[in-house]
Amino acid sequence: MTPEFLTELREDDSRRVAATNGAVLLGVGLSLFHWSGLLLAGALAALPQRTVPRGIGAGFGVGVLAVVVFLGQLWLAGTLGPVLGMGQPVWLALALGLGLPTFGALVRGVF
Amino acid sequence: MNEETTRRAVLSAVLGAGVGGMALTDARSYLTRFTPNSGTVWGAANRNAAGSVDSPYGAATVSYDDDHVPHVEADDERAAYFAVGYCHGADRFFQMDLYRRLMAGELAAVVGDVAVDSDVFHRQLDFAGAAEATWERAEGTATGDVVEAYVDGVNHALERESTPLEYRLLSFEPREWTPTACLLISKQIAWGLTGSFRTLRTALARDRLGSEATEELYPRLMDHDVPIIRGGDGASGTVAGADAATPEPGMVSWLGSFESDPGVGSNSWVVSGEHTASGDPIVANDPHLNLTVPPVWYEQHVVGPDPLDVRGVSFPGVPFVIIGQNHAGAWGFTNAGADVIDFYTYETTGDGSYRYGDETREFDSRTETVAVADGEDVEVTVKRSVHGSVLTQYPDGDEFERADELGVAWTGLSATRTVEAVHELNVAGGVDEAEAAIRKFDEPTQSFVYADSDGGTYYWVTGQIPIRTTDGEPVRGTRIFDGSAREGEWGAGYTPFGESSWEGFVPFEEKPGVRNPDSLATANQRLTGDPEHYISEGYAPPFRGSRIYDRLDERASSDEPMDAAFARDVQLDTLDPRYELFRPTIEAVAEVGVPTTEDGGSSTDAFEPPESLLDWDGEMRPGDPEPLLFEHWLREFRSATFEDAFADAGLPEDFPNPNDWILGTLPADSEWFDGDRTAVAAEAMGAARDRIADEGWDDYGDWNRVRFSHPFDQPFLNYDRLRTAGSPGTVRNFHSEGSTGASWRMVATFDGDSRAILPGGNSGDYFSAHYDDQLQAWANGEYKPMRRKVPDGIDITFEEGDG
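Heads up: the protein sequence lines correspond to chains A and B, in order. Take 1253 as the starting number for the first sequence in this note's numbering and just add one per residue. Take 36 as the starting number for the second sequence in this note's numbering and just add one per residue.
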């Protein structure tokens, strides 16, 4: 059920790493515009990985990166303190940032 | 099916269900708003008004100082006010929009059915109609042109700046600002200061308690000797004539929720150079309004074509400085308490008509729809009579027989010139020009204090005060009138929803006022002992006014002249004159002892005298336990005195108790104490001690805390809870459980060292460092400079362009 190009991709380290990096960049880029970008980012980063756990780990890593980008933007804008002071809304954001790509990464278990 | 196939199937199902759930349910709304990076809420965290902006009115600059006060400079007045509008739009648009929705009766459309009653009331009174009429009057005038430039500036900020956080949290869009919206804000201010249903409450009290008891508990004039203009014998406070209808308690309670919170008032005083170290006058003002998040005031400094150079506070949505200082003078306002509202019943015909003298008239009636977010729309009938609006909660078809439907005359329903007056006040070059401006200040009725750099001082009551007549004879507006019998008629100059003239209102020269007073203090107390005309049916107790006068008099008679530091010290005075009034009662309680509670039950044989209260100096300091006991004892004493009797008389639960001056001046053997004041006071002392012990409070600051809430009441949007000094009875005014207090403290001098402070911050943007940066200083009783000096550096440059 796994497409042949994914099997080949997973077996070639250099292509796998390149594909993973590309997926992360594309996904994080899309996440700047829509929440589904984070889902997609997790899925795209997970698919090249050799095992399902590694795929999910890659999805989680994308989530960490997205959260770092998010907090970094706020830090640069000088509003990180007030955002962290919001409580529930910011915890929801962090949970979504980590959870959406991780959830998207479950697709590695399908393909 | 093997294990791998099962796993793929399960995961496919989980993914499908998850993505479907996210995309097709309410979860999508949360994802759209809160997901990091793309979440719409986070866009508000990158707001920062700065850079270059096109303006159709020409060049201007904005320099924000360390307190985020915009200093606007322009060669053209409209260019300056375009920039002011831009600042208001960038810093406070949500607040402006919320007030507009409140007054127009459009709140439920965004917050749901919780606001339906409010919308119905505001539609019925038809503030929007009054604001439209007021704009029609201003449009095309010099003031109207400036208002339009301001509105354009607000809308330009709306287009160019990031949408405020609150819209993102609630998922609705701001609408463009309009000149009528500016005037709706003005109506909101006027209503907050003069929109009183006291007439209905006292009428209800007369019905349930009798006239004599009502006169005793809710007198029109309180018996004290410190009116604003001192001297005079004091006018009679009796009410002549019977009410035309019995007020409906439910209606009275319902309407009461649309009045200002208890405690709205203010302090101000002016002292001439005769008494100051500098030889120049001093003006002090601290308006006690709702303490909101963000603050009700916005501080600004506007420098334009000569002589425009004014700094002070405006209401967001209103272009001009309301309280402040310009090149020539400084001024402030406190509420005058004038009665500018009346209520009427009618004899109706059942077909939408009513009798008015010898005529039969039809109500001007229309149906409006109140939109309700996530709910059914509500239809509301908006009805006008010859007197103005018609209010009702639940009309029962008896056509005004009980006062559950009432005609309302209010000066604010007219097209008024207050915006024009304030515009002119901003450039007034001294006392004479200030007086000329204030003559146009049609609403609200205020005590205006002013001083100029030439040493002139001034006090006058602003606003139109109606002269009511029945059969051609002047009457007081202290009862419900029979509108059909043409009782309580206002003069021919009053035109609801049209242009009123001053015909039929108290002439300006006949209103209370003093030119060049040596010193004069206003704290919402009675204006004068002997007014030429009926002014009001109720004033604030004299506690603050007497204390201010005591301090001014003491200093004036000493060898030490007054200065700004002294004025600030008076503004922060925490001595509660209520303590002196009630001390004899506390002494009596100390003699008989206090019943204490043991194991949940009351014991009458264990007594403890409140000795510490007798050693106390009456200062409402946060670190002391005595003010905590005093304040809570007073609350318990008030309740114990009146609540049972009021309930027995059938008054509604929320019916306000008499004020502390009345409670404190009742005879010790009054029937309200069942003949034994000490016994009631001792029981109250025990109850207060129990309450304090139950709550675990140690001192006054544990209870007396700043608790300002944002309209959304989200914890992160509310201000921090800070311990603070003051009470409802002190000059440093603060109502711990209410939401009123010093919304701006200003002490203006003519040596360049005027100082002021806001309770919060000048920005309404939660993510701004200036959201609440003055709050701690305000709670500590500190001030910041209010100089008219433009700081170095430009934050926003406006250049000639399309805007």
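In case anyone wonders, no lab produced these hints; they're calculated from the structure. Since the structure is predicted, the reported quantities are computational estimates derived from the model, not experimental observations. Just so it is clear, CB atoms sit at the ideal spot from N, CA and C, and this is done for glycine as well. Treat the hints with caution; some may be incorrect.
[Stated by the list, open to error] From the structure, some residues in chain A lie toward chain B, with a derived Cβ separation under 10 Å:
1. Pro1255
2. Phe1257
3. Ala1270
4. Val1280
5. Leu1326
6. Leu1348
Structure-based check of all given hints:
no.: 1; hint: Pro1255; in the structure: 13 Å, violated
no.: 2; hint: Phe1257; in the structure: 18 Å, violated
no.: 3; hint: Ala1270; in the structure: 24 Å, violated
no.: 4; hint: Val1280; in the structure: 8 Å, holds
no.: 5; hint: Leu1326; in the structure: 6 Å, holds
no.: 6; hint: Leu1348; in the structure: 5 Å, holds
Checked against the numbered hints given earlier, the structure breaks hints 1, 2 and 3 and satisfies all the rest.
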